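Q: Going down the list, the sequences are from chains A and B. Here numbering that gives the first Met the number 0 is used: the first residue of the first sequence is 0, the next is one more, and so on. Here numbering that gives the first Met the number 0 is used: the first residue of the second sequence is 0, the next is one more, and so on.
If you are wondering where the hints come from, they were derived from the structure by calculation, not from laboratory data. One thing to keep in mind: the hints can contain errors.
Since the list can't tell identical chains apart, any single copy or any two copies may satisfy a pair.
Unchecked claim - List of simulated lysine-lysine pairs, DSS-like, C-alpha gap at most 30 Å: (1) Lys-66 to Lys-49; (2) Lys-174 to Lys-436; (3) Lys-414 to Lys-49; (4) Lys-5 to Lys-174; (5) Lys-96 to Lys-420; (6) Lys-423 to Lys-57; (7) Lys-255 to Lys-436; (8) Lys-182 to Lys-5; (9) Lys-339 to Lys-57; (10) Lys-423 to Lys-66; (11) Lys-271 to Lys-174; (12) Lys-5 to Lys-339; (13) Lys-255 to Lys-420; (14) Lys-49 to Lys-420; (15) Lys-367 to Lys-414; (16) Lys-436 to Lys-271.
Note that the coordinates shown come from a computational prediction; the quantities given were computed from them, not determined experimentally.
Number of protein chains: 2
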Amino acid sequence: MVAPLKVGLAGLGTVGASVVRLIAQHRAELTARCGRPIEVVAVSARSRGKDRGIDIRKLRWVADPVKLAADPGIDVFVELIGGDGNPARSAVTAALKAGKSVVTANKALLAHHGVALAALAERHGGALNFEAAVGGAIPIVKTLRESLAGNPISRVYGILNGTCNYMLTRMEREKLSFDECLKEAQRLGYAEADPSFDIEGHDTAQKLAILASLTFGIRVDPGSIYVEGITSITTADLEAADELGYRIKLLGVAVKTDKGIEQRVHPTMVPKESAIAQVMGVTNAVTIDAEGIAPITLVGPGAGGVATASAVISDIADVARGVRSAPFGRPSVRLTVSRKAPMQRHEGGYYIRLLAMDRPGTAATIAKRLAEHNISMESIVQRHRGPPAGGAAKGGAPVPVIIITYATTEDAVRKALAAVKRDKVISGEPQLIRIEKN
Amino acid sequence: MVAPLKVGLAGLGTVGASVVRLIAQHRAELTARCGRPIEVVAVSARSRGKDRGIDIRKLRWVADPVKLAADPGIDVFVELIGGDGNPARSAVTAALKAGKSVVTANKALLAHHGVALAALAERHGGALNFEAAVGGAIPIVKTLRESLAGNPISRVYGILNGTCNYMLTRMEREKLSFDECLKEAQRLGYAEADPSFDIEGHDTAQKLAILASLTFGIRVDPGSIYVEGITSITTADLEAADELGYRIKLLGVAVKTDKGIEQRVHPTMVPKESAIAQVMGVTNAVTIDAEGIAPITLVGPGAGGVATASAVISDIADVARGVRSAPFGRPSVRLTVSRKAPMQRHEGGYYIRLLAMDRPGTAATIAKRLAEHNISMESIVQRHRGPPAGGAAKGGAPVPVIIITYATTEDAVRKALAAVKRDKVISGEPQLIRIEKN
């Protein structure tokens, strides 16, 4: 009988409690799969007495997670505390320094301190696994780390935040406003009381930073990501997208360009028939484009106690099996500083929605400004309202104009729209959504 | 500098040549990812002189693949010969007996001799990796073998044959007949001159046998699979499916039931909004249902030289990294003999298309026979033709009747339809397509 792998777990929220329960429940199966039993032997959390639906009386209680992390009685430390500060950071550091393996679901910690922690893991011989930090139960971290080694990846992109995708799905299907949707999402527990971290794209950016590192061998650096959330998206945009053959998704995109690795998070028009466009509700998905082959897409639950616990247990199982991969797919010293491709030089198609003054010459002015910046239009549609009740319109309320451009640069679009604004032929701010082709 | 992993490769078709080319091309990247270089040092194929677009002059040529397999100069033997007989089988056996690791794309070999080969690999300490045998570049083998360990899988199903999915897609989109599509597929190289292995479902069955073993810890056994191909599918079925909110896909399904593991390959009605229904053309996809979480779906190219080579190289990279997982996810001695769930006891919804005699009482007779076998109908639609040119019909040509049943058993449906046939109220054979809910 091989000795069991002894697990110390800090953080007994929904995920932590599920990990403890599932490991006990599937003990025989896990032993068969890993060649040795896995046993949770000690836990740490803020409150000892709380009812979590699991029996923790047989587990050793260690009040201080940092102490638990370095405890000689454990082989692997599972960090489910969260946050990039202490005690999560100090506990993970302590565990790695003690030569233990660490399994964590903490995207913030990895986004901010991932490279340093990877270096520690390598120096002391422990694993640092974090499947649950991105895409919940979807095995995307392992896939990028260990599979697809054969041909270089040119682009990785995905729906990484369930809250945003849930909101966009409901706005699209039920023609609900952003604010109505947000309230619904909060009521159902899909959005936090303070939703800004999700809806402004920062959660997606942290996850993208991790995926980009695994994909391109660059240092994890959320600071080099262009981030734009979904707060400006309206049902008018979703309807226009639908008519044009697109859906709008909040994507995290990392792509190799000749100017460096472009990392960006923004609402994106994706072709309706693409795999990523089919992903509705709280589901997550990641698409990988590798050279010379059709895209690979992984779809699944991005959050939830059991889904996240499932990823945590996969990571623990890898430790039990003795699998030791470099945390970001290659030795941390070989991770390069990403040459940040400036967003101004981003190239792609654009959807532009303007509120144009309803008077002669407006469309011509807009078209001229775009042409001056070498922007070719794939289509321009002026949204007519029904004929006004009182007869023909003369200089009425502004009318929506929707433009789809061929590939151009962010810089050109920004400058052209600034010129259009100066011409005073539009009302309010133009809406700008990038198009991502598959 | 760690010693390179030395590869001997047998079979230099499109896949083999791509493996040799990609390994040379991405040498630095692979070294960084695996911690050691990977070098193809010797090859074997039928013809030495053939132009394959790669330079094999620097590689050692070994005419006999079985000799290459046991060659002391190699660490890993890559078998791309194909077929479940010799020399593929004898070469893989020789390599494993010599303690080498084996990477193969050979589904037939694994379907028929997988357990014996896995036992050999375990006894002699080599790896036996076969990511490329199922789903091309999709990392489904590794996912089932190493990920998702946390909660037991209740069902795995997928589109595993690109030829069939290509044909069904074109039949659906362009309303082409089966025979027209097959000719097109053959012309484009998506179908073999003798297409029966693909279109009769046997290719899917071999792949399903491998997935079922990985998923449920049962011995690989294609003989225990119920197999039905797509040759009976007509555009009438595809149109009816569309109207009813379904698409028809050839699925391989392995599901845990209280009667044992049910393994079956057949045309299947899947809800249009499911991830698997979106998969069009030659693309493959596999969906995994694990307890307590939403389904996980992996989509990607199921065939093609570069896609398959990519999976082969991932497997070689795992050998280089020192990853040794049990070939079927747990020790071969622990793989159980699957209690074959008899197809007669399969439970599910059914689509039934009949050509009913156009005379009074026909519908009542059909409904009565179904009721006698406790089959509840979700819907019954009689397809009316336009009114005949000469006025009202009286006992004209048979009219299509389409029935969707609630969950029932295969046995009940078969018996009810036999009774309907005996009643002589239908013409020809009834069409029967199983419905798979997501």
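Q: Each hint: holds or not?
A: Hint check:
no., hint, result
1, Lys-66 to Lys-49, "within (21 Å within a copy, 65 Å between copies)"
2, Lys-174 to Lys-436, "both (25 Å within a copy, 28 Å between copies)"
3, Lys-414 to Lys-49, "neither (57 Å within a copy, 57 Å between copies)"
4, Lys-5 to Lys-174, "neither (51 Å within a copy, 60 Å between copies)"
5, Lys-96 to Lys-420, "neither (57 Å within a copy, 75 Å between copies)"
6, Lys-423 to Lys-57, "neither (72 Å within a copy, 69 Å between copies)"
7, Lys-255 to Lys-436, "within (15 Å within a copy, 39 Å between copies)"
8, Lys-182 to Lys-5, "neither (43 Å within a copy, 59 Å between copies)"
9, Lys-339 to Lys-57, "neither (51 Å within a copy, 40 Å between copies)"
10, Lys-423 to Lys-66, "neither (64 Å within a copy, 80 Å between copies)"
11, Lys-271 to Lys-174, "both (18 Å within a copy, 22 Å between copies)"
12, Lys-5 to Lys-339, "neither (42 Å within a copy, 37 Å between copies)"
13, Lys-255 to Lys-420, "neither (33 Å within a copy, 63 Å between copies)"
14, Lys-49 to Lys-420, "neither (58 Å within a copy, 65 Å between copies)"
15, Lys-367 to Lys-414, "within (13 Å within a copy, 73 Å between copies)"
16, Lys-436 to Lys-271, "both (10 Å within a copy, 23 Å between copies)"
Comparing the model with each earlier hint shows violations of hints 3, 4, 5, 6, 8, 9, 10, 12, 13, 14; every other hint is respected.
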